[in-house]
Amino acid sequence: MPVSSRSLKHVFALKKQSDIGTAVVDANVDFQRGEIEFAPWQRNRDVSVHDQGFYGKGNFATFNELLHQSYEIASTTRPASDLDLLWMLVYSMGGLASVQPDPVGEPNQWKHTITFADIGTSPEVDYTSFLEQMGDGSTPGHKIKGTGAWVGSCQMTGTFGDFIQASFSGGIRKTATSAAALPAGVTAASLLNINRTKLLLGPSGAPVNIDGAWVGFDITVNQNPEMKLRSGQPVGEEELIERVDRGDQSVTGSITVEFADVKRNFFLNETIAAIEIEMISKTKISGGAGTIPISAKIILPNLVFDAESWSEEGRTSTLELTLAEQSILEVGATQPITIEIITEIDDVEILVA
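Per this note's numbering, the very first residue in the sequence shown carries number 575; after that it's consecutive.
Calculated directly from the structure, the hints in this document are not laboratory data.
Among the clues, some could well be false.
Ranges between beta-carbon positions, derived for each pair [unchecked claim]:
no., residue 1, residue 2, range
1, P808, A927, 43 to 51 Å
2, E816, N839, 46 to 54 Å
3, S622, D822, 35 to 43 Å
4, R804, N618, 17 to 25 Å
5, G862, N839, 17 to 25 Å
6, G821, A927, 17 to 25 Å
7, T636, D822, 19 to 27 Å
Dumping the calculated EDC-like pairs for lysine to aspartate or glutamate here, alpha-carbon to alpha-carbon at most 20 Å [what the hints assert, rightly or not]:
no., residue 1, residue 2
8, K772, D792
9, K802, D593
10, K583, D625
11, K802, E646
12, K685, E918
13, K871, E698
14, K717, E609
15, K685, E844
16, K748, E611
17, K748, E816
18, K858, E832
19, K871, E886
20, K802, E813
21, K717, E646
22, K589, D792
23, K772, E816
24, K802, E611
No residue lacks a Cβ here, since even glycine has one placed at the ideal position from N, Cα and C.
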């Protein structure tokens, strides 16, 4: 019997594991969102040893022994919502501060401020747990739980005429067959709308709204995780990774704007610039005045554009200004990137063990 690709379901947790080997309990792995492409987890033989190229024998290996394995979460893309961006960004960046700006007047409003974790005090990534189901969860399909899971990167892309898209990639230490109950359906969330998005560009400290004169954006945050294989693993887990460290934290991407010399001059003159991208939902925070939209704002306060690329939209001249890893500057105590999410999702579960 065939297994339909449309039956693929991924369920995630806002809660984190207390360590790489202790799973989030099944009842807290309870969020499910729709995905744009088919991307099941892949088992990788990260390191194996064999004698295929040795001398004194034939051309073929006489042994092939696994030393190191993990599971890869290939790039998985969803329409960007407050829920998707909150958990993707928190787990790919690691720093979180949550407040209620107006608990009396707007009791349902929460502001989550996400930054890169301090690798001096938090050198190891945050781990979580996932569920994956194919078919109805039984043979020839499967239902498995992934534990010791991490998110390496999160990409946010906006182009007019489509969803704002959010994608993530990462890995999983271990999988096992699961009997956990899946959510009854897709978890409700507020989609962020490209037509309501605001893009600000200008010199550092003074970016200005360029509504009507930008075409798209693409921003990726990455903690470049490093898998570590060490001795002393539990019996039966000797080939599994011992931990995952945060690597070189980075931001890359681009903005595409309608050409104007004043915009190009930020690149030509090596100006230290600033970008703010505020992705806004049509959904308003409930329980208060009903005027505050759910949103996510990317703040890049100090940057130098790395390259330019000309193009055209119809007959409108456009210019892509590119951000390489070295484009993002750390100036004093100012965070090189900050992302603020306004939502009704509280702080009860996110990054709580």
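- Item | Hinted pair K772 and E816, Cα distance within 20 Å | Violated, at roughly 43 Å.
- Task: Assess, step by step, whether the Cα of K717 is no farther than 20 Å from the Cα of E609, and give holds or violated.
- Result: holds (18 Å)
- Message: Check whether the Cα positions of K772 and D792 lie no farther apart than 20 Å.
- Response: Satisfied, since the Cα-Cα distance of roughly 14 Å is no more than 20 Å.
- Item | Beta-carbon spacing of P808 to A927 - inside the hinted bounds 43 to 51 Å or not | Check failed, 20 Å falls outside 43 to 51 Å.
- Task: Check the following: the C-beta atoms of R804 and N618 are separated by a distance inside 17 to 25 Å.
- Result: holds (18 Å)
- Task: For the pair supplied as a hint, K589 and D792, confirm whether the alpha-carbon distance does not exceed 20 Å.
- Result: Violated: K589 and D792 sit about 28 Å apart, past 20 Å.
- Query: Is K748 within 20 Å of E611, Cα to Cα?
  - Reply: violated (23 Å)
- Task: Quickly compare the C-alpha distance for K685 and E844 to 20 Å and report which way the hint goes.
- Result: violated (34 Å)
- Item | K717 paired with E646 [C-alpha distance capped at 20 Å] | Holds, at roughly 17 Å.
- Task: Mind checking the alpha carbons of K858 and E832 for me, to see if they're no more than 20 Å apart?
- Result: With Cα atoms ~30 Å apart, K858 and E832 exceed 20 Å; violated.
- Task: Measure nothing beyond the straight line between the CA atoms of K802 and E646; if it is 20 Å or shorter, mark the hint as holding.
- Result: holds (15 Å)
- Message: Checking one constraint from the list: CA of K583 to CA of D625, max 20 Å. Satisfied?
- Response: violated (40 Å)
Violated hints, listed in ascending order, are 1, 3, 5, 7, 10, 13, 15, 16, 18, 19, 22, 23 and 24; each of the other numbered hints is respected by the structure.
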